[in-house]
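*Asks:* Given only the sequences and the hints, what does the whole structure look like? Please build it.
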Amino acid sequence: MIAIVDYGIGNLGSVENALKYVGGEPIITSSPNVLKNADRIILPGVGAFADGMKFLKDRKLIEPLYNEIITKKKPLLGLCLGMQLLAKNSDEYGLHLGLGWIPAVVRRFKIDESKYKIPHVGWNNVKPKKNSILLTNLGQSPVFYFVHSYHLCEISPTIVTGECNYGINFPAVIEYQNILATQFHPEKSQQDGLKLLKNFINYHPS
Amino acid sequence: MLKKRLIACLLIQDGKLVRTRNFRTERIIGNPIVAIEYLNAWAIDEIMVLDIGSTGHYVERLDNNLETKHLLTDVIKYISSKCFVPLTVGGGIKTLSDIRAVLKAGADKVSINTNAIQNPGLIPAAAETFGSQCIVVSIDAKKTSTNSYQVFTDRGQTATGKSVLEWAKQVEKLGAGEILINSIDRDGTHNGYDYKLISKLADNLNIPVIAIGGVGKWNHFVKGFNSGHASAVAAANIFHFSEQSAQQAKKYLSKMGIDVRL
Chain A
16 MIAIVDYGIG NLGSVENALK YVGGEPIITS SPNVLKNADR IILPGVGAFA
66 DGMKFLKDRK LIEPLYNEII TKKKPLLGLC LGMQLLAKNS DEYGLHLGLG
116 WIPAVVRRFK IDESKYKIPH VGWNNVKPKK NSILLTNLGQ SPVFYFVHSY
166 HLCEISPTIV TGECNYGINF PAVIEYQNIL ATQFHPEKSQ QDGLKLLKNF
216 INYHPS
Chain B
601 MLKKRLIACL LIQDGKLVRT RNFRTERIIG NPIVAIEYLN AWAIDEIMVL
651 DIGSTGHYVE RLDNNLETKH LLTDVIKYIS SKCFVPLTVG GGIKTLSDIR
701 AVLKAGADKV SINTNAIQNP GLIPAAAETF GSQCIVVSID AKKTSTNSYQ
751 VFTDRGQTAT GKSVLEWAKQ VEKLGAGEIL INSIDRDGTH NGYDYKLISK
801 LADNLNIPVI AIGGVGKWNH FVKGFNSGHA SAVAAANIFH FSEQSAQQAK
851 KYLSKMGIDV RL
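Chains A and B are the protein sequences, given in the same order. Going by the numbering used here, the letters in the first sequence line up with residues 16 to 221, in that order. Going by the numbering used here, the letters in the second sequence line up with residues 601 to 862, in that order.
Any given hint could turn out to be false.
[As the list claims (entries may be wrong)] Incomplete in silico selection of chain A near chain B, CB under 8 Å: (1) 136; (2) 139; (3) 164.
Keep in mind the hints are simulated off the structure, nothing from the lab. Treat the numbers as computed from the prediction; the structure is a model and nothing was measured. For glycine and all other residues, C-beta sits at the position ideal for the given N, C-alpha and C.
*Replies:* So this is what it looks like as C-alpha cells:
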C-alpha cells in the first residue's frame with residue numbers, strides 16, 4: 016500500500032490516478048496510522064514552499080513522516096514541491112526552513128530570463144546518471160513535464176541521478192538512500208512518467 | 601531542450617462541449633467526455649478546459665441527449681483519470697477557494713480572465729498560495745487599429761479600454777506564471793492566429809505565452825511558433841472537427857523543424 020501524503024495542497028487525485036493505472040494501491044491520507052501501515056510513501060506538492068511547510072506543520076505530519084522515513088527507512092518519493100520540501104531551506108518568498116532530510120537548498124533559477132522564461136514549464140529531457148532506480152529502463156533521454164521556478168542546488172553530485180538543462184544543469188532526479196525525488200511531475204508525464212512510477216513501486220531497498 | 605508544447609482546448613457551456621466563432625457560441629458539439637476520447641491523449645502535451653458559462657436555459661442540441669450534460673468537476677475528474685498530462689481549468693474563477701476546489705478536483709493549473717482584471721490582487725494572492733506556475737492569466741484581445749489591441753472581458757462582451765500589452769506586462773509583474781492570449785477576431789475562423797498579437801507579447805514578456813484563436817490547419821501551429829514566438833500553441837475546434845489526430849499534428853510540427861515531444 017502506498018500512502019500519498021495529504022497536507023492540504025498538491026494534486027493528490029492525479030498522483031492517485033497514475034499509481035492506480037500502473038498497478039499500485041494508493042491511499043490518500045493525513046493519518047499517522049495509515050502512514051505506519053504503508054509500504055512506501057509519496058510526498059506530492061504543487062505550490063509555494065512556505066505554504067507547504069506550514070501545512071505539514073499544521074497537520075502535525077512532520078513527526079510521523081520522520082518516523083516512517085528517517086527512522087524506519089521506508090521508501091519515499093518526493094514530487095516537485097515534495098522534493099523541494101526535503102531540502103534544508105528555500106528562499107521562495109523569503110527564507111524558509113525545509114525538512115532538512117537531504118543535503119541541498121532550494122533557489123530560484125539564475126539564468127538569462129530573456130532567453131529562458133521563468134517558470135520552467137513544459138517537457139524537457141532528463142539525462143540519467145549512473146545507477147538510477149527511478150530512471151531504470153527509460154533510455155538515454157526520457158522526457159518529463161516540469162513546472163517550477165525554483166530548483167535544488169548546493170547538492171552533492173553523488174545523489175543526483177538525473178539532470179536536466181534549462182540554461183543551467185539542475186537536479187531533476189535525486190536518490191539519497193531510501194529518499195527518492197523528482198523535480199518534474201511523473202504523474203503528468205505520460206508514458207515515461209508512468210514507467211518511473213512503476214519503478215518506484217518495484218523498488219525494494221536492500 | 602525544452603520542447604514546444606501543443607495544447608488541446610475544450611470549451612464547455614452548460615456542461616456541454618461547444619464551438620465558438622468570435623466568441624459567440626456557434627454550435628453545441630455534445631458530450632465533452634467523448635471529445636476527450638477522440639483527443640488521442642498520448643500525443644497532446646496539455647489539456648485546457650474552459651467553462652464559458654451558463655446560458656441559463658437548454659439550447660437545442662445536435663444529439664438531443666440531455667443526459668450528456670456534465671458538471672465541470674466531473675469533466676475534470678474524468679480527464680485526470682485518463683490523461684496523464686497537465687490540465688488547466690478556467691471559467692468564472694474568482695477566489696482562492698475556487699482555485700483550491702478546481703485543483704482538488706484534479707486540475708494542475710487554473711486560468712483566470714475577467715476576475716483578474718476586476719480584482720488584480722487575485723493574481724499575487726493566488727501566486728503566493730499556490731505558486732505562480734499554477735496561475736495562467738487569460739487575455740482576450742480585439743484589434744482596435746493596425747498595431748493596437750484592446751482587452752475585452754466577460755467572454756468578449758465588455759471593452760475595458762486597456763491595452764493588451766500594458767495589461768500583460770502588469771500581469772507578469774503581479775506574479776502570473778503564463779499568459780494565454782486569445783484573439784477574439786480570429787476565434788473560430790480557421791484563418792490562423794494573429795501572429796502580430798502573439799509576438800507583441802512573447803517578445804516583450806519573460807513569462808511563457810500560449811497562443812489560441814483561429815487555427816484551421818497544422819501549419820498555423822508552425823507559424824504560431826515561428827512568427828508568433830509562442831512557447832505553446834493551443835486550439836479547440838481543429839481537434840474536434842479534424843479527421844486527423846493530435847499525433848499527426850505532432851508529426852507535422854516535427855517535420856517542419858519544431859522541437860516537440862513525440
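*Asks:* Under the criterion of a CB-CB separation shorter than 8 Å, is residue 139 of chain A in contact with chain B as hinted?
*Replies:* holds, 5 Å
*Asks:* Hey, does the residue 136 of chain A contact hint survive, CB to chain B under 8 Å?
*Replies:* holds, 6 Å
*Asks:* Going by Cβ atoms only, is residue 164 of chain A closer than 8 Å to chain B?
*Replies:* It holds, given that the least Cβ distance between residue 164 of chain A and chain B is near 6 Å, below 8 Å.
The structure is consistent with each of the numbered hints, conforming to all of them.
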